[in-house]
Structures are given as C-alpha cells and as structure tokens.
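Trainee: Residue strings, one per chain:
Protein chains: 2
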Amino acid sequence: MEDITKENIANWFKDLQDSICNTLEELDGKSKFLEDKWEHPEGGGGRSRVIKNGSLIEKGGVNFSAVSGPTPDKILQALNLPQADFFATGVSIVLHPENPWVPIIHMNIRYFEMSNGVWWFGGGIDLTPHYVIKEKAHSFHQYLKAACDKHDSSFYPKFKKWADDYFFVKHRNETRGVGGVFFDRLTNTEHKSKEDHWAFVKEIGQTFIPAYEDAVAELRNREWNKADKDWQKIRRGRYVEFNLVHDKGTKFGLDTNGRTESILMSLPPEANWEYDYQPINDLQKKTLYLLKKDIDWI
Amino acid sequence: MEDITKENIANWFKDLQDSICNTLEELDGKSKFLEDKWEHPEGGGGRSRVIKNGSLIEKGGVNFSAVSGPTPDKILQALNLPQADFFATGVSIVLHPENPWVPIIHMNIRYFEMSNGVWWFGGGIDLTPHYVIKEKAHSFHQYLKAACDKHDSSFYPKFKKWADDYFFVKHRNETRGVGGVFFDRLTNTEHKSKEDHWAFVKEIGQTFIPAYEDAVAELRNREWNKADKDWQKIRRGRYVEFNLVHDKGTKFGLDTNGRTESILMSLPPEANWEYDYQPINDLQKKTLYLLKKDIDWI
Chain R
77 MEDITKENIA
87 NWFKDLQDSI
97 CNTLEELDGK
107 SKFLEDKWEH
117 PEGGGGRSRV
127 IKNGSLIEKG
137 GVNFSAVSGP
147 TPDKILQALN
157 LPQADFFATG
167 VSIVLHPENP
177 WVPIIHMNIR
187 YFEMSNGVWW
197 FGGGIDLTPH
207 YVIKEKAHSF
217 HQYLKAACDK
227 HDSSFYPKFK
237 KWADDYFFVK
247 HRNETRGVGG
257 VFFDRLTNTE
267 HKSKEDHWAF
277 VKEIGQTFIP
287 AYEDAVAELR
297 NREWNKADKD
307 WQKIRRGRYV
317 EFNLVHDKGT
327 KFGLDTNGRT
337 ESILMSLPPE
347 ANWEYDYQPI
357 NDLQKKTLYL
367 LKKDIDWI
Chain W
77 MEDITKENIA
87 NWFKDLQDSI
97 CNTLEELDGK
107 SKFLEDKWEH
117 PEGGGGRSRV
127 IKNGSLIEKG
137 GVNFSAVSGP
147 TPDKILQALN
157 LPQADFFATG
167 VSIVLHPENP
177 WVPIIHMNIR
187 YFEMSNGVWW
197 FGGGIDLTPH
207 YVIKEKAHSF
217 HQYLKAACDK
227 HDSSFYPKFK
237 KWADDYFFVK
247 HRNETRGVGG
257 VFFDRLTNTE
267 HKSKEDHWAF
277 VKEIGQTFIP
287 AYEDAVAELR
297 NREWNKADKD
307 WQKIRRGRYV
317 EFNLVHDKGT
327 KFGLDTNGRT
337 ESILMSLPPE
347 ANWEYDYQPI
357 NDLQKKTLYL
367 LKKDIDWI
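So the sequence lines, in the order shown, correspond to chains R and W.
Using the working numbering, read the first sequence as starting at 77 and increasing by one per residue.
Using the working numbering, read the second sequence as starting at 77 and increasing by one per residue.
All the pointers check out, no bait thrown in.
Because identical chains share one entry, a pair is satisfied inside a single copy or across any pair of copies.
Here are the simulated SDA-like cross-link-like pairs (lysine to any residue), alpha carbons at most 20 Å apart as the crow flies:
1. Lys327 x Arg314
2. Lys237 x Ile371
3. Lys246 x Pro148
4. Lys150 x Asn333
What the hints contain is simulated information worked out from the structure, not anything from laboratory work.
Every value quoted in this text rests on a predicted model; they were computed, and no experiment measured them.
Next comes chain R alone, as it looks inside the complex (with noise of 0.2 Å):
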C-alpha cells in the first residue's frame, strides 16, 4: 500500500495535472495550455498552466501548487494552536467556455498539514452554467453521487449540501450555480482513516474529466448569438462576484500573500455589469428561478 506522505500527495496532484491537461487539450482541439512555473517566497511553488481562445475553453486554468511556511496567524487562530508549519498542496482549475451553451466548471482538492500532525483535505467540483438545463444538471449529480457513493453513501447528501451553502451569491440571494460537492476538513475519525480520504479525493480528481466531457456534450456544439453572449457576460459578472466577495479560498489567497495571477486565474475573460438587470425571455428566468439552495438533481 502506497504511504500516504505529503510528497506522494503533491506528485498524485502533479500527475493529475498532466493527464487533466492532456485531456483538455484534445477535448479543446484548438489552443495549448502555457505553463508558469513560481516559487513562494517561504517555500514550495507551483505550476500555472492557462489556456486561451481554445474551440471549447476561452479562458481557463489548471493549477497545481505545493507551498510551505510558517502557518497564517488567520489558522492558527481559528483552530487555536501555537505557532507551527504547515504544508499545503492541490490542484484547482476554473474554465470559462467560449459558447454561452456550455456551463463553467470548477475543481479543487487540496491537502494541508502542520508540524504539529493536524491535517486534512478539502476539495470540490461545482458547475455554473450560463444557461440551466435540467437533464445537464442531473446528469452532472449522477457523476458525483457515483463517485461518493463507492467511498460512503453519507458523502453525497452532506457534501451537495455544502456545496449548496458554500457556493451561494449571498448578496443576490441565488447560487453560483447548479452545486455538486464541496468538503473540507476531512481529517481522521473513528470510522475514517488517511487511507479512506485519500482514496475518496483522488477519486473527485477522477471523476472531473468525465463529468466536464459530459457537461459540455452536445451544447458545445449549439448555435449562440449576441444575446446568449451578452446573458454570459452578465452571468460572469455574477461568478466574479462570488469569487470576489465571498470565496474563502480566494479571500484567504490574497491575504496570505498568495501568487495574485494564480489565485486570480479563476476571473472570466469578460465580464458585464448592468444596473438593475432584468431577464429578457423565458431561458433567462428559468435559469434564475432554479438558482437556489437545495434542489434535488437526482
């Protein structure tokens, strides 16, 4: 059995990367993603890698990161612990489609241990789209809940629920989007071991390749005019937003000093912002109506 150290982790994540890459690439057909190797200034770093004006994909980033220090006062305040390092790695990718059709998508694992011995892994996968579509929503639960269902059947009601929580524009009173899953501090339990996490965040890793190849099925290749385009970019304005004003892992970024550009990547191309907006045919307000906490996608 494979020892579950931080080093094995960050090359799980790294090869993760790679083959999510590779795979974007060809579903792509078009662009090449860039790679930005960066170093933090405590310790680690990390690989950026973008792609741009792709067939599929106009703006999106795929990010693996290691990085290591002394641990955020902001930590070890809210777990109340004395002064330790830590080690924090995972990979995070946010792709913004070209077609207003095809939904954004967001992905991230992460680990993080101290010196002290706490650790723990956090990660999710959630799906924005422009335009909700009922039986693509469901379709993209059904990979999740298979996913969670082979590790514990109590993982995907709690963890779709989270996401619920997590992913909600507060100040709009509406989700992000259609949800999918998010935990976070998944450490060792009586019931759970290392092993079992790990084995469970390596598969929501797996499982983002087939859930995006089928999310963007057959609407990558809809036709779209202006409107759509325009209703897209209102619809990013909404995704900054939530990026801006209430991602913790975003907030936590920029105040710990974080690489900007990285933490950053997950902003669209274009954005619009348009005072007191209002839906202009049936699609629009139907995707505002099912923006909320705790549909059953099932």
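Fit chain W to the known structure of chain R by using the hints.
Mentor: Same frame as chain R, now just chain W:
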C-alpha cells in the same frame, strides 16, 4: 445660521444630487439619468440615479440615501457601544466613461449619527485614469487642495495620504488610480465643531463638478482605438477587484443587507481579465509606474 440636523443634512445631500445630475446631463449631452426610488426595510430609503450609453458616460450612478434602524452589530462592536439606533445619509457617485482617455471618478460624502449622540462625517473624491497623465492628476489634486485649504491647511496632506492608503489594491501592489482625498469619522474636537465639519463636507460636495469638468476637458475628444479600449477593460477589472475585495463601504453595504443594485452601481459596464497581462506600450508602462502611493501631485 442653519441648524445642522440630520434632516437638513439629508436635504442638502438631495439637492446636491439634483444639481450634480443636472450638470452631468448637460455635460454628457446625450443620455439622461433614470431614477429608482427605494425603501430600506428598517426605515428611510433612497434615490438611485443611473445613466448609460452617454456620449461621455458609458455607465454611471449618482445615489442619494437616508436610512435608519438599529445600528449594525459590526459598528457597535467596533466602538464598544451598547445597542442604539442609527441614521445614515450620503451621496455616492461613480462614473465610467466611454472614452479610455477619460478617467473614472468617484465621490462619496456621508453623515452618520446614533441615538446615543455619537456622530461623524466621512467622504472623499478620487480619480482613476486608465492612462495616467501627470498634468491632469496635478490639476485634479489642485482642486482638492484648494477646497481643503479653505478649511484647514492640514486637511489636504492628511486626507491625500488617507486616500493613498485607502484606495490601494494590496494584492496588485498598486493604487487604484491617482488618489484624491479620503476622510472618515470627522466629529467634534477641541478645535473643530460640527459646523466646521459640515462646511468642509459641503465644500467637497461642491468641488465634484468643477474637478470632474477639468478632468474630462480635452480628453473626452481624443481619438481612441481597440487597443485603448482593451486596456481600459483590463484597468476596469482592477477597479472591480478593489471594489469587491478591498472597499470597506461596499463590504459593509453587502454585509448589512444594503440595496445590492445601488451598492454595485460602482461596477463598470464591461471588464476583462487576462492571465498575467503585461503592458504593451510605454503609455501603459508609465501608468503602472505612476500607480504608487505618496506621489506629490501638487
């Protein structure tokens, strides 16, 4: 002498909104403001006025509000005070120009009081050019300095520095623009009465139009091309980042269930993000070089 009651302050602010909107319509020459009247769930309300697709202003808002209710816990905690009611009134302006040569401008003046007798004024004006032109920044700061100097020679240096520190995009290590003046919690002291502060706040409100007319003069007629517009959209992205990540007023408004559409009227009509954007010409480089604190524009 006029009685400085909250009603009188709010009425003066309303009149200022009227006169600024009238002058801006004349200055724009094409578009007119549309008004939304709204009510605050706890008490009071506002008049949001927005203008779009003008010959000068692509998207802008001039908002008045006067709201009341139980003081938000955040303020009471910060001041270590027991429960009290509050009253807050103000005028807020953000204007995004069509022409990339014309700067974005922002002004806010506000008055806050509580049923326990605590009160203060706050406000500021600042300029965010997409291309920084030294002579224009100099001239803008001269308007502000002249306004400040009429009241106290210590105001301009103090409030100019406050603006540099406040309008700072920490995660980009750059100022939002060329600054201006910013002040908060002006209340009575040994040397300053409520009359003194109110006279100063009115002066700032009345400085907005002449300072803006000067800031747009000549520039509004400059030719611009797609490269200028692209750069404007990148810079507008930074404006979004400041407002959503750092601006305390925006944060406070969203946290306390303020009217989202009125708060976010500050966001630009269109903004772009490009991974690791690098300046493509000397003008862009010069602008980035001048987005620093502590430049003496006088």
